[in-house]
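Could you build all of it, start to finish, from the sequences and the hints given here?
2 protein chains.
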Amino acid sequence: MRTMQSDAKLIDVALGRAPGDLAIVNARLVNVYTGEILDGQSVCTSGAWIACVGEDVGHAIGPQTQVIDAAGATLIPGLIDGHAHLAWLFTAGEFLRHAARGGTTSIVTETLEVYPVAGLPGMLDFLASLADQPIRFFATAPSMVSISRAATGIDPADLRQLLARDEIVGLGESYWQAVAQHPEDYRLAFTDTRASRKTLEGHSAGARGIKLQAYLAYGISSCHEPIKADEVLERLRLGIYVMIREGSIRRDLAEIAAIRDMGVDSRRLILTTDGISPEDLLAMGYMEYLVQKAIDCEFDPVTAIQMATLNVAEHFGLDDRIGGIAPGKLADMVLIPDPRTIRATCVVSNGRIIARDGRLEASPRKHEFTAESLNSIRLAEPVGADDFSVPVPGHGSSATVRVIEMVTDLVTREVRLTLPVIGGMLAADPANDIVKIATIDRTNPPGRSFTGLIKGFGLRSGAVASSAAWDTTCIVVVGADETDMALCVNRIRELQGGAVVVDGGRVVAELPMPVFGIISEAPLETLIDQRRALREAISGLGVVFPDPMLTLITLTGGAIPYLRICEEGLVNLKDGLTMDLFCAEE
Amino acid sequence: MRTMQSDAKLIDVALGRAPGDLAIVNARLVNVYTGEILDGQSVCTSGAWIACVGEDVGHAIGPQTQVIDAAGATLIPGLIDGHAHLAWLFTAGEFLRHAARGGTTSIVTETLEVYPVAGLPGMLDFLASLADQPIRFFATAPSMVSISRAATGIDPADLRQLLARDEIVGLGESYWQAVAQHPEDYRLAFTDTRASRKTLEGHSAGARGIKLQAYLAYGISSCHEPIKADEVLERLRLGIYVMIREGSIRRDLAEIAAIRDMGVDSRRLILTTDGISPEDLLAMGYMEYLVQKAIDCEFDPVTAIQMATLNVAEHFGLDDRIGGIAPGKLADMVLIPDPRTIRATCVVSNGRIIARDGRLEASPRKHEFTAESLNSIRLAEPVGADDFSVPVPGHGSSATVRVIEMVTDLVTREVRLTLPVIGGMLAADPANDIVKIATIDRTNPPGRSFTGLIKGFGLRSGAVASSAAWDTTCIVVVGADETDMALCVNRIRELQGGAVVVDGGRVVAELPMPVFGIISEAPLETLIDQRRALREAISGLGVVFPDPMLTLITLTGGAIPYLRICEEGLVNLKDGLTMDLFCAEE
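Chains as they are written, first to last, in the numbering used here: chain R, 22 to 607; chain L, 22 to 607.
Warning: the hint list may mix true and false statements.
Note that the list lumps identical chains together, so a pair holds whenever it fits in one copy or between two copies.
[As the list claims (entries may be wrong)] Here are the simulated lysine-lysine pairs, DSS-like style, with alpha carbons at most 27 Å apart: (1) Lys30 <-> Lys595; (2) Lys476 <-> Lys30; (3) Lys232 <-> Lys30; (4) Lys476 <-> Lys595; (5) Lys249 <-> Lys387; (6) Lys232 <-> Lys249; (7) Lys476 <-> Lys387; (8) Lys249 <-> Lys595.
The set of hints was computed from the structure by calculation and includes no laboratory data.
This is the structure we're talking about:
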């Protein structure tokens, strides 16, 4: 944080009354404010800030100033990811070992994964884990969209406390269907966030026309969900920032790149990952990959760089401190070979050199999470196979139930099937790819559970479960065998979080996630191995989806159509109403 | 202010569940977000907000909806002046009678004129006078640059109270020389303003290179002082917003228009008046005149419109509510014949039609100022001619003194002259155009005064005074005769503020300014007559400057070089140090 004291030092350096700390001289500078590429430029810093920029900063260079001769290489502002999911899988420290070396110096992360399972104390512990790292984090407060009524909506007092914090830049993504179906759950949060002059991050996947406009009328200020250029154009015209997503959930840049030829002002276009997997991070890098790909997709290089720097900063009202290279801004800068080659040879963050030639030189800080954060699976007792029995009311030999049917690896639909009743209990039909799926709340309150059925998941035996599931406080488990399902859940309880595959009464693969039950503390390489082992184990049980864990954990989500499950029952996202397993007699 | 209730209504209209209030259909829409001009567009409002925009808003139109058929005319967002001086001459109500009919719907005003003479209570009364008007006002808190040490710097508690208010969007202009010379006076205000995420408005007239950068390094976010395109370019490259000034103080647009051909991103270019005189307002209009002139200077029409709408809103972080036509934004819209003809045929502000074809249809509210605001000339006693006598220390027959010499009508320099001493008192020399100038503090504390000399003002007899003088809490008076000077000041004391010309013991012209001693409550037409009478009266006394009142009142200012005067003495802006009248023996 700038103070009167740091201001005084900064001004002294700018005026040449005191020596700067770091000077980069003889660079081509990408000036994101004017859109120019300027040759023969130099920059000098004081502490974390830029003191001066121009053809000559010699007045600010003293004997102790570290001078880097760029020798004509290109200097760009540090890259910014405006919509990340850092409360997922990695710790920030581990993530940064790989993400910080490529030129990303600021990240705005969602927090929707933490708050439901760990509340405000967990949020604060999570935010603490982001502080004092080699690069800078901002976060959005969670808007708390969930198909579970119990997990919907953030507590107003918690939200106000979060909004008062400097690093909280807005309210996180609010899925438009949820807002349309249950506006009363979000209006106060929207009002409070607007009053704090912070952004309302949007999520308007598939919305168009009247419904899109009604959603945006709340004051929603961005969307990262368009998958085609015409969706981008519609949203830009409606005055919001559009984040073009190129990450592990989706890769939309190549398709959307057509927007470059539509003759529209690009100032509200942003590049974002929307989260990146360990595998993609290791293989491709982070924001530098997105900017490079935008250039490869024939965006003008300066425009591409603006889309990951100034535009993001302006969207969040952070351009007073980040997003460009200018006096008084934070000294976040990246040397690259030329404006078309986004390969960091030197990364400066907060005035410090943190990476050179792809090697990180600053150590991310390992955060010690609180005991509460490390003990978030609050199930008092182990579960048993019986807990997944579904008693059928009445005395019929069969019952008609709502079943989740997989349409793609992510999209589901509601089907109604009549299944046999054996001993008063509903029977699954693994032979016909109809198995049980259960959600067991681990927090809110612990122990509440709901068991249903899923068709087309592919599981021939065993069970698979995860305590990290989208938009929920539940452990989600799918199983062809109730005993294996119970073992899955109990192993997660022992691990205090994770993903587990069980077959024949034996754990065949697992990935511990002890932090909030959603984050691993393992090195990235271990995480990748564990994820591969999980994937292979699930495939071995018959599941053919490309990323079967993703398929599993999205079954509780509030954004992907249609039939979803939580501890309260089934929810068809078409109307957002909670339904019982059994169809009413018609 | 939007509430949960107004949100609900707005969304209902957007969805077609409730009828809108006002629809403008069949318009060419200037979409400032994308930079497009779109034909066949319609807009529908709910209360003060825009509910929907597009090719068809029929779903939102009911029997009670007022529908305006634009018949192909062009619809643009309401214009915004980002740097106005509303605490000067006019009341907001009177100003709006003329300013609101041309399409301006938001104004950001400085308040530096009010605070020094009326403190926080005066500020709050002034802000109250801006509220509930047909158009919307925002304001900056005063940074309090003054050549008077006693009037320098805003009280930190007052600043924090102001920054907490929604309509206060930043800290007002801080002249760069003052900041450079006395940084300790401004650092806390800059720190507090930055912490509130509001802007630091700049004033870097004439600064360049190292000094400019050192000033901007504080986090200064704009400047409205460039007079040439290269000055604009230098500032844009340094990451600030540049306001191109075209008002009554200066007209820089034609000269600066060369920036349009320099290939730079225009998103940080803004058009502003920096204040407009009653005469110019009546003759030319307000922001619509500036946009038209930008187009006439060959700016692209959409760019010109962006420079008075979206760009201004983004600079102040107000683009969540103003600056463009989109769902959820305030319904501020202007119908004009075509994108190149900025002549308002219908002005909508806050969802209400306030003007048609140049006629105002909404009445500005007349604010009742407090008794304290109307009694700001706190001189306990009338002054006498003797109060302008300058006793000379020692017993010499002459004394060497620092004299303000007029170089142009606004620029002065310091000259040292040896003048006779008569009866122990310094003698002016009206025959050689050396007359007395005095500043009498009316507030802070009342009665402190300083008398000096001015050369080249042109006054052959009489005196002229004003309680509205730049950057000061003083009445400034220039006179060839001490008795006339005293009469000037005493008449201002009777009027509780104003400008007065006296000759031969008689008031020959006056302009009462009872509000804070700086604002008239007279109709604009009366004000113009009074200003003409003042001007003619001063010219009649020999002053040949084009606007002699402006020349007078800038003599206390902190921005125009070089030698200035206040109740504490003379100040040469080269170093900002306060000096006595008498030169030390060398």
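Okay, the hints, checked on the actual structure:
| no. | hint | in the structure |
| --- | --- | --- |
| 1 | Lys30 <-> Lys595 | between (58 Å within a copy, 23 Å between copies) |
| 2 | Lys476 <-> Lys30 | neither (66 Å within a copy, 42 Å between copies) |
| 3 | Lys232 <-> Lys30 | between (52 Å within a copy, 15 Å between copies) |
| 4 | Lys476 <-> Lys595 | within (19 Å within a copy, 82 Å between copies) |
| 5 | Lys249 <-> Lys387 | neither (40 Å within a copy, 52 Å between copies) |
| 6 | Lys232 <-> Lys249 | within (18 Å within a copy, 48 Å between copies) |
| 7 | Lys476 <-> Lys387 | neither (42 Å within a copy, 71 Å between copies) |
| 8 | Lys249 <-> Lys595 | within (22 Å within a copy, 59 Å between copies) |
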